[in-house]
Amino acid sequence: MGNKIPQATAKRLPLYYRFLTNLHHQGKTRVSSKELSDAVKVDSATIRRDFSYFGALGKKGYGYNVDYLLEFFKETLAEHKVTEVALIGVGNLGTALLNYNFSRNHNTKLAMAFDRSTKKAETFIGGVPIYHIDQLEEQIGNVEVAILTVPAAAAQDIADRLVSNGVKGILNFTPARLTIPDHVRIHHIDLSIELQSFVYFLKHYPL
Numbered sequence: 001m002g003n004k005i006p007q008a009t010a011k012r013l014p015l016y017y018r019f020l021t022n023l024h025h026q027g028k029t030r031v032s033s034k035e036l037s038d039a040v041k042v043d044s045a046t047i048r049r050d051f052s053y054f055g056a057l058g059k060k061g062y063g064y065n066v067d068y069l070l071e072f073f074k075e076t077l078a079e080h081k082v083t084e085v086a087l088i089g090v091g092n093l094g095t096a097l098l099n100y101n102f103s104r105n106h107n108t109k110l111a112m113a114f115d116r117s118t119k120k121a122e123t124f125i126g127g128v129p130i131y132h133i134d135q136l137e138e139q140i141g142n143v144e145v146a147i148l149t150v151p152a153a154a155a156q157d158i159a160d161r162l163v164s165n166g167v168k169g170i171l172n173f174t175p176a177r178l179t180i181p182d183h184v185r186i187h188h189i190d191l192s193i194e195l196q197s198f199v200y201f202l203k204h205y206p207l
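Under our numbering, the first residue of the sequence shown carries the number 1, and numbering increases by one thereafter.
Treat the hints with care, since some could be wrong.
[Unchecked claim] DSSO-like mimics (lysine-lysine), calculated; alpha carbons at most 27 Å apart, straight line:
1) K41 to K28
2) K28 to K81
3) K11 to K109
Hint data in this document are derived by calculation from the structure and do not stem from the laboratory.
Modelling step: build the complete structure from the supplied sequences, incorporating the hints.
Rendered as structure tokens:
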């Protein structure tokens, strides 16, 4: 994706791709922006604007060709390439992620996990090998994406080690706000804040 694509648009692309995959499995050959809007809960104008960044993807009065869009977004999202991900911290959340292992995604998979527990080292969860955290530098190899589910106090040190070993993207589930170099992308996911925000909108902005 080029730099001109807004981040908000980029975040919606996997949502479109998932719905188009479902339509393809149902045997549908075309879809309107309104149908897309109803399914993914994004207004039609936003969908048309998102798609416009990629050129003429549909025809007025006809809608969008499902197979064409599916192939286009598969290429755009590099769906044909598998990105291996390392998980750091095999607690309750980490274990749940290992068992799930992004089963609905074809282009990402948890390839390894690390934990400080010697009891968990050299075991498998969801088919994913667990290593002791002291083996991080030895085992991480060419993995460029990592998920942090460690205690907040350990997050910065682990992040520094990941960056030193070539990791370019970190999904941070800890409440710690990490300091990382500009060339590394980080997304913070705080489930408690997400829940508070959800409850607030539920109370103050009823449907």
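Hint by hint, here is what the structure shows:
no.	hint	verdict
1	K41 to K28	holds (20 Å)
2	K28 to K81	holds (26 Å)
3	K11 to K109	holds (19 Å)
In the structure shown, no violation is registered for any of the earlier numbered hints.
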